[in-house]
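Enquirer: Sequence:
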Amino acid sequence: MATEIERVHGDRYDVSQAFTLYATSGASDDYAYSRHLQHENLGKILGFTMECGHEFQPDFETAIRVMEEVAAAILAFADDVSQLADANG
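Quick note on numbering: the sequence shown equals residues 1 to 89 in full-length UniProt numbering.
Calculated directly from the structure, the hints in this document are not laboratory data. Here a beta-carbon is modelled for each residue, glycine too, at the ideal position from N, C-alpha and C. One or more of the hints may lead you astray.
Pairwise CB distance ranges, derived in the manner of DEER restraints [claimed, not checked]:
| hint | residue 1 | residue 2 | range |
| --- | --- | --- | --- |
| 1 | 16 | 37 | 41 to 47 Å |
| 2 | 61 | 39 | 44 to 50 Å |
| 3 | 82 | 38 | 26 to 32 Å |
Whenever a hint applies, use it, and build me the whole structure from the sequences.
Expert: Written as structure tokens, this is what we have:
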């Protein structure tokens, strides 16, 4: 995903765990990842948080750039998932 984002406009973003961005707990990614710890019959889900851009409310021109980067990242993610599904049957 990071490679595809960089290909769009040359912007690079850090890849890290969500808690390194800002203090939060009990967010949806926390639940998705940890639900199997509380309920053994529920499968493990990999939770992802995608923060995009550098400001909370960018101007329109910047927002368009960010949307183009996000679209590339989501397509790359979907392609990777599809390849994993094919490989695992």
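Enquirer: Please go over all the hints and tell whether each is borne out by the structure.
Expert: Results for each hint:
1. 16 to 37: 41 to 47 Å: At 22 Å between Cβs, range violated.
2. 61 to 39: 44 to 50 Å: holds, 46 Å
3. 82 to 38: 26 to 32 Å: holds, 30 Å
Hint compliance for this structure: hint 1 is the single one not met.
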